[in-house]
Amino acid sequence: MTDSGPSPRLSARESRRPARAYLDAASSEPLHPAAREVLVEALDAGWADPARLYHEGRTARLLLDNAREVIADALGARPDEVRFTSSGTTAVHAGVTAIAAARRRAGVRVVHSAVEHSAVLHAAAVAGEPDEVGVDRLGRVDLAAFADAVGRPGVALAALQSANHEVGTRQPVAQAAEVCTASGVPLLVDAAASVARDNVPPGWSALTASAHKWGGPAGVGVLAVRKPVRLLPRWPVEEREDGLSPGHPDVPAVLAAAAALQARRSEAAELDARHRDWVAGLRKRIAADVPDVELTGDPDDRLPHVLTFSCLYVDGEALVTALDAEGFAVSSGSACTASTLRPSHVLAAMGVLTHGNVRVSLGRTTTYDEVDRFGSVLPGLVRRIRAEAGL
Amino acid sequence: MSSQDDGDDVALELDCRGMLCPLPVITLARRISEVEVGERIAVLADDPAASADIPAWCRMQAHTLLESTADRYLVERTH
Chain A
12 MTDSGPSPRL SARESRRPAR AYLDAASSEP LHPAAREVLV EALDAGWADP
62 ARLYHEGRTA RLLLDNAREV IADALGARPD EVRFTSSGTT AVHAGVTAIA
112 AARRRAGVRV VHSAVEHSAV LHAAAVAGEP DEVGVDRLGR VDLAAFADAV
162 GRPGVALAAL QSANHEVGTR QPVAQAAEVC TASGVPLLVD AAASVARDNV
212 PPGWSALTAS AHKWGGPAGV GVLAVRKPVR LLPRWPVEER EDGLSPGHPD
262 VPAVLAAAAA LQARRSEAAE LDARHRDWVA GLRKRIAADV PDVELTGDPD
312 DRLPHVLTFS CLYVDGEALV TALDAEGFAV SSGSACTAST LRPSHVLAAM
362 GVLTHGNVRV SLGRTTTYDE VDRFGSVLPG LVRRIRAEAG L
Chain B
2 MSSQDDGDDV ALELDCRGML CPLPVITLAR RISEVEVGER IAVLADDPAA
52 SADIPAWCRM QAHTLLESTA DRYLVERTH
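Chains A and B supply the protein sequences, listed in that same order.
Using the numbering used here, the letters of the first sequence correspond one by one to residues 12 to 402.
Using the numbering used here, the letters of the second sequence correspond one by one to residues 2 to 80.
The reader is advised that the hints may include incorrect statements.
[Stated by the list, open to error] If the Cβ cut is set under 7 Å, some of the chain A residues that face chain B in the computed set are:
1) 119
2) 294
3) 324
4) 354
5) 359
6) 364
7) 365
8) 366
9) 398
10) 400
[As the list claims (entries may be wrong)] Just some of the chain A residues that point at chain B, by a computed CB distance under 10 Å:
11) 83
12) 86
13) 303
14) 362
15) 401
[As the list claims (entries may be wrong)] What the simulated footprint calls covered on chain B by chain A, stretch by stretch (three residues with Cβ under 8 Å from a Cβ of chain A suffice, anywhere in the stretch; the number is not a length):
16) 11 to 23
17) 32 to 40
In case anyone wonders, no lab produced these hints; they're calculated from the structure.
Only a predicted model underlies this, so the values are computations on that prediction, with no experimental measurement involved.
Ideal placement from N, C-alpha and C gives every residue a C-beta, glycine not left out.
Isolated chain B (complex conformation):
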């Protein structure tokens, strides 16, 4: 699946809008194994804590946050 207008190759999109912390991060952690190493997950999250917690999760778990724009986070599985 590569459906983004901006041309990202996104293997999985997680719609976590409406979820409160820590649910978006829990969802991301549960489902990262559904993509291959090197593939990307897009996370949609509008909880104010997500803008701090998704980057922090990537750092703590050693995955790569490629970009974050407004309510969308693009994460690459690195291991």
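Extracted from the complex, chain A is given alone in its bound form:
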């Protein structure tokens, strides 16, 4: 390498930038160290086709079965109830559409809360007739209305998330499951937001999750379906994953996902206490230091790591960009940050302010200093953006 050619200058450039603080764990977490180790080993050991009967194929099959056992154990499922898909979204799509198709004779309505992930909303629209149930100001589903919708005839299935991915509010899954059982309606629980942090209440018929939300690799989704629940995939069916996820599975990634989930669940209690404490502190601080702010979601019965708020008169895109320039990675549900220019359907359904919205979510490597610095920097940025708007 010569002096005249381009050369890496990362350290020099980085030194002029503020330290990065990744506070968007609810979108994706970096690979867990336990997953990295397993992934590298499995790339060499688990590359062959697990459907083949020779040594290399059987080795891959063993790794896949091992991952299935680990993930089933973490979810409170049986190994033969767990299928791997190519993402959390495909798990939702496959689960909703295949269950609805098998229940065609019972009905076509798909009952779901108004604050489900867009994967559920899209799948419900394709699978049948969506029947949306409203939420309260905290984002929690109206259980009486949910029970009423599930109890009427013509329901193919119901879907309810374990906790909301945008505002952190936990949903009454156990009660929803009782209602569904009483009506003989299968319940799909999208547990993507909570699996690494909370036990999913029992009573679900199908459960979906996504590995990159818990520090596994992207490209691994989980669809667990209880044995008596019938499935009728409406796409070309092959033998792999009971026809629910066609094609050669990414065995190394699946095994790494299992390793990450196991590691995360062993750390969950410690992370829960830490994140709950930091989020509660930051919540109080923002309420005190930022005028005209609306803190959203349930302050107590919530995911430990998520804090969402909306600042009156502030452009959400401007705030996310200003925070990024200060080193913070956060997401926003404001319309101006979405390609559709529509605000988050979650915030709109809750009836809370949608502009000037920021979601902070803590990961396993988040430090107190990062959270503290966020609390120090935010009020000045909000003030500056409001001043630029003439307020």
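Fit chain B to the given chain A structure using the hints.
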């Protein structure tokens, strides 16, 4: 000025059509003091966020949203 066909007594009408969030709410906040307490402002806004944000603003600032129909919001200044 009371020019609405539906008989509302509207003291001020703000045409915020074509504005994106948060501009309709900023406009409403800036100009609410131009009407007396108890008087009404009509806001015309077609930004999709306005249907969530104008009611939320009224709640947060303790003004009264009397009605919202399509792209029109009727707000009473209460303090």
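**Report entry** Status of the residue 362/A interface restraint (C-beta, 10 Å, chain B)
**Finding:** Check passed: Cβ of residue 362/A comes within 7 Å of chain B, closer than 10 Å.
Report task. Using Cβ atoms only, decide whether residue 364/A comes closer than 7 Å to chain B, and label the hint accordingly. Result -> holds, 4 Å
Query raised in the report: If you look at each residue in the region 32 to 40 of chain B, do at least three have a Cβ nearer than 8 Å to any Cβ of chain A?
Result: With 0 residues closer than 8 Å to chain A, the region 32 to 40 of chain B misses the three-residue bar; violated.
**Report entry** Supplied contact hint for residue 359/A, tested at 7 Å Cβ to chain B
**Finding:** For residue 359/A, the interface hint holds, since the closest Cβ of chain B sits about 4 Å away, which is under 7 Å.
Requested in this report: Would you settle whether the hint for residue 400/A is holds or violated, based on the nearest Cβ-Cβ distance to chain B being less than 7 Å?
Outcome: holds, 6 Å
Report task. Would you check whether residue 398/A satisfies its interface hint, that is, whether its CB is within less than 7 Å of any CB in chain B? Result -> violated, 12 Å
Requested in this report: Double-check residue 86/A for me: the hint is only fine if its C-beta lies closer than 10 Å to a C-beta in chain B.
Outcome: violated, 35 Å
Query raised in the report: Does the region 11 to 23 of chain B contain three or more residues whose Cβ lies closer than 8 Å to a Cβ of chain A?
Result: Per the Cβ count (3), the hint holds.
Query raised in the report: Does residue 354/A pass the interface hint, meaning its C-beta sits closer than 7 Å to a C-beta of chain B?
Result: For residue 354/A, the interface hint holds, since the closest Cβ of chain B sits about 4 Å away, which is under 7 Å.
**Report entry** Status of the hint placing residue 294/A at chain B (closest C-beta pair under 7 Å)
**Finding:** At 17 Å from the nearest chain B Cβ, residue 294/A fails the 7 Å test, so the hint is violated.
Query raised in the report: Any CB of chain B closer than 10 Å to the CB of residue 401/A?
Result: Hint holds; residue 401/A Cβ to chain B Cβ min 8 Å, cut 10 Å.
Query raised in the report: Is the interface hint for residue 119/A satisfied, with its Cβ closer than 7 Å to some Cβ of chain B?
Result: violated, 29 Å
Of the numbered hints stated above, those contradicted by the structure are hints 1, 2, 9, 11, 12 and 17, listed in ascending order.
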